[in-house]
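Number of protein chains: 2
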Amino acid sequence: MPKQPSSELIPKRVVDRIAVYYRYLQNMVDQGIDRISSKELSNMIGITASQLRQDLHFFGSFGQQGFGYRTEELLYRIKKLIGLDLRQSMVLIGAGNLGSAIASYESFVNKGFDLIGIFDSNPEVIGTAINGLLVQDVRELESFLQRNTVNIGIITAPASPAQGIADILSAGGVNAIWNYAPVKLIVPKHVTVEHIHLTDSLVSLVFQANIKKRGGISENS
Amino acid sequence: MPKQPSSELIPKRVVDRIAVYYRYLQNMVDQGIDRISSKELSNMIGITASQLRQDLHFFGSFGQQGFGYRTEELLYRIKKLIGLDLRQSMVLIGAGNLGSAIASYESFVNKGFDLIGIFDSNPEVIGTAINGLLVQDVRELESFLQRNTVNIGIITAPASPAQGIADILSAGGVNAIWNYAPVKLIVPKHVTVEHIHLTDSLVSLVFQANIKKRGGISENS
Numbered sequence: 001m002p003k004q005p006s007s008e009l010i011p012k013r014v015v016d017r018i019a020v021y022y023r024y025l026q027n028m029v030d031q032g033i034d035r036i037s038s039k040e041l042s043n044m045i046g047i048t049a050s051q052l053r054q055d056l057h058f059f060g061s062f063g064q065q066g067f068g069y070r071t072e073e074l075l076y077r078i079k080k081l082i083g084l085d086l087r088q089s090m091v092l093i094g095a096g097n098l099g100s101a102i103a104s105y106e107s108f109v110n111k112g113f114d115l116i117g118i119f120d121s122n123p124e125v126i127g128t129a130i131n132g133l134l135v136q137d138v139r140e141l142e143s144f145l146q147r148n149t150v151n152i153g154i155i156t157a158p159a160s161p162a163q164g165i166a167d168i169l170s171a172g173g174v175n176a177i178w179n180y181a182p183v184k185l186i187v188p189k190h191v192t193v194e195h196i197h198l199t200d201s202l203v204s205l206v207f208q209a210n211i212k213k214r215g216g217i218s219e220n221s
Numbered sequence: 001m002p003k004q005p006s007s008e009l010i011p012k013r014v015v016d017r018i019a020v021y022y023r024y025l026q027n028m029v030d031q032g033i034d035r036i037s038s039k040e041l042s043n044m045i046g047i048t049a050s051q052l053r054q055d056l057h058f059f060g061s062f063g064q065q066g067f068g069y070r071t072e073e074l075l076y077r078i079k080k081l082i083g084l085d086l087r088q089s090m091v092l093i094g095a096g097n098l099g100s101a102i103a104s105y106e107s108f109v110n111k112g113f114d115l116i117g118i119f120d121s122n123p124e125v126i127g128t129a130i131n132g133l134l135v136q137d138v139r140e141l142e143s144f145l146q147r148n149t150v151n152i153g154i155i156t157a158p159a160s161p162a163q164g165i166a167d168i169l170s171a172g173g174v175n176a177i178w179n180y181a182p183v184k185l186i187v188p189k190h191v192t193v194e195h196i197h198l199t200d201s202l203v204s205l206v207f208q209a210n211i212k213k214r215g216g217i218s219e220n221s
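Sequence lines, in order, name chains A and B.
The working numbering puts the first residue of the first sequence at 1, with every later residue one more than the last.
The working numbering puts the first residue of the second sequence at 1, with every later residue one more than the last.
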């Protein structure tokens with residue numbers, strides 16, 4: 001029977017962890033570190049050696065006993081696995097404070113992401129430049145998507161217009177949405193949404209700090 | 001022998017997951033949903049029933065067979081476990097685009113977080129108001145921390161001043177730092193840092209979208 005790969009085969013937490021491997025490996029290659037042991041790698045990511053072995057299964061096994069991994073080769077395989085061997089073009093909708101901050105984020109370019117369009121509905125913002133890119137009228141988004149191949153749509157607009165923007169993006173061939181708007185988006189099945197919940201990590205921070213203060217988790221805590 | 005609880009007892013991924021439980025349960029309580037089955041809860045969070053049981057162990061076991069969980073009770077216990085039964089006071093350093101966006105984030109107040117001070121080094125920004133709060137000179141941060149109890153420091157400054165800011169925060173009694181600056185901070189042992197890597201979730205999004213497009217992970221992908 002032929003193998004039937006499915007997205008179920010790789011849990012979301014492993015997908016998320018592979019993004020972290022990617023960041024660490026990119027840093028190591030940038031710093032000229034050409035080799036890493038599996039122990040160093042698992043310590044760095046904060047997982048066990050057995051989890052690391054399971055994760056690396058997805059990249060194909062190619063480490064050598066007692067030698068470790070060549071960082072460049074591992075990075076290359078991870079990039080290919082993720083799909084970042086091809087550059088990703090992005091549009092951003094909502095050029096307020098958050099949108100401006102994200103549009104100016106320099107790490108994108110090094111990591112394989114190209115922001116090619118910024119859109120807003122505010123006449124005072126349309127026509128201004130952010131990081132060298134003119135803000136366009138959001139009514140132009142649909143025709144922009146007809147003229148350009150866009151992989152990722154970033155929604156930094158408020159909650160109320162977010163669903164309408166997601167509809168235009170989905171209809172325009174965008175199959176990945178990075179959503180900062182505080183609303184759950186309904187999208188066609190072929191579209192993936194990653195919803196950013198900023199407070200999750202803040203809550204996690206409070207919890208970690210309190211665990212430290214209490215000297216651990218106790219039954220009464 | 002007395003039980004020796006330690007922070008090792010609860011892995012980071014469980015800490016992070018508990019932040020997600022908190023968000024979902026707060027939403028349910030806000031919507032007036034008063035009961036949830038363990039199956040619904042595990043589906044919602046995207047984990048298995050057995051993982052859920054392990055997680056709930058940290059809150060003490062109190063679900064009833066065939067009845068599920070009272071959302072308000074579960075929320076209360078999670079809040080207490082996290083340490084969010086007490087309000088958290090925060091200062092933010094770096095009132096640029098990202099800092100302004102975070103300072104204006106309305107969800108903080110509902111979730112138990114109070115922003116009580118905003119600081120910047122730019123004379124043009126000092127004295128302006130963000131969300132009703134005056135931006136103060138960062139040189140005032142040290143004395144502000146002497147006069148006020150601050151639980152969390154949010155660093156939205158650029159990389160170069162970030163370590164100096166972290167030093168002032170740590171010396172001033174802040175034991176939790178939410179760091180958006182693209183630099184690894186060195187802090188005393190009692191201080192916890194949660195470093196935000198925005199691109200991690202973008203990379204994860206690309207990966208998820210590509211898994212969908214390919215119809216799964218295959219050995220050759």
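Calculated directly from the structure, the hints in this document are not laboratory data.
Since the model is a prediction, treat every value here as computed from it, not as a measurement.
Hints should not be assumed to be uniformly reliable.
Claimed, not checked - Below, a list of computed lysine to aspartate or glutamate pairs in the EDC-like style, where the Cα atoms sit at most 20 Å apart:
(1) Lys212(A) with Glu194(B)
(2) Lys212(A) with Asp167(B)
(3) Lys80(B) with Asp55(B)
(4) Lys213(A) with Glu106(B)
(5) Lys111(B) with Asp200(A)
(6) Lys213(B) with Asp85(A)
(7) Lys184(B) with Asp30(A)
(8) Lys212(B) with Asp200(B)
(9) Lys79(B) with Asp200(A)
(10) Lys39(B) with Glu72(B)
(11) Lys79(A) with Asp200(B)
(12) Lys12(B) with Asp16(A)
(13) Lys111(A) with Asp200(B)
(14) Lys80(B) with Asp30(B)
(15) Lys111(B) with Asp200(B)
(16) Lys184(A) with Glu40(B)
(17) Lys12(A) with Asp55(B)
(18) Lys79(B) with Glu124(B)
(19) Lys184(B) with Glu40(A)
(20) Lys212(B) with Asp16(A)
(21) Lys212(B) with Glu194(A)
(22) Lys213(A) with Asp200(B)
(23) Lys212(A) with Asp34(B)
(24) Lys80(B) with Asp200(A)
(25) Lys111(B) with Asp85(B)
(26) Lys12(A) with Asp114(B)
(27) Lys79(B) with Asp137(B)
(28) Lys213(A) with Asp34(B)
(29) Lys12(B) with Asp55(A)
(30) Lys213(B) with Glu194(A)
(31) Lys12(B) with Asp167(A)
(32) Lys213(B) with Asp16(A)
(33) Lys213(B) with Asp167(A)
(34) Lys212(A) with Glu40(B)
(35) Lys184(A) with Glu106(B)
(36) Lys212(B) with Asp55(A)
(37) Lys12(A) with Asp200(B)
(38) Lys184(A) with Asp30(B)
(39) Lys212(B) with Asp167(A)
(40) Lys80(A) with Asp16(A)
- Query: Taken at face value, is the distance from the CA of Asp200(A) to the CA of Lys80(B) at most 20 Å?
  - Reply: holds, 16 Å
For the pair we were handed, Lys213(B) and Glu194(A), check the Cα-Cα distance against 20 Å.
holds, 16 Å
Hinted pair Lys12(B) and Asp16(A), Cα distance within 20 Å
holds, 14 Å
query = Going straight from one Cα to the other, do Lys213(A) and Glu106(B) come out at no more than 20 Å?
reply = violated, 28 Å
Next on the checklist: Please verify whether Lys39(B) and Glu72(B) have alpha carbons no more than 20 Å apart.
Outcome noted: Given pair Lys39(B), Glu72(B) holds - Cα atoms ~17 Å apart, limit 20 Å.
Review point. Is the hinted pair Lys212(A) and Glu194(B) satisfied, with a Cα-Cα distance of at most 20 Å?
Key: holds, 14 Å
| Agreement of Lys80(B) and Asp30(B) with the hint, judged by alpha carbon distance not exceeding 20 Å | Holds, because 18 Å separates the two Cα atoms, which is no more than 20 Å.
**Asked** Is the Cα-Cα distance between Lys79(B) and Asp200(A) 20 Å or less?
**Response** Since the Cα atoms of Lys79(B) and Asp200(A) sit roughly 13 Å apart, the hinted pair holds (cutoff 20 Å).
For a C-alpha distance cap of 20 Å, please report whether Lys212(A) and Asp34(B) respect it.
Violated, because 32 Å separates the two Cα atoms, which is more than 20 Å.
Restraint check for Lys80(A) with Asp16(A), where alpha carbons must lie at most 20 Å apart:
Roughly 16 Å separates the two Cα atoms, so the pair holds.
Margin query: Check the hint pairing Lys213(B) with Asp16(A) against an upper bound of 20 Å on the C-alpha distance.
Written below: holds, 18 Å
- 20 Å Cα cutoff - pair Lys213(A), Asp34(B): violated, 32 Å
When the structure is compared with the earlier hints, violations turn up for hints 4, 15, 18, 22, 23, 26, 27, 28, 31 and 34 and for no others.
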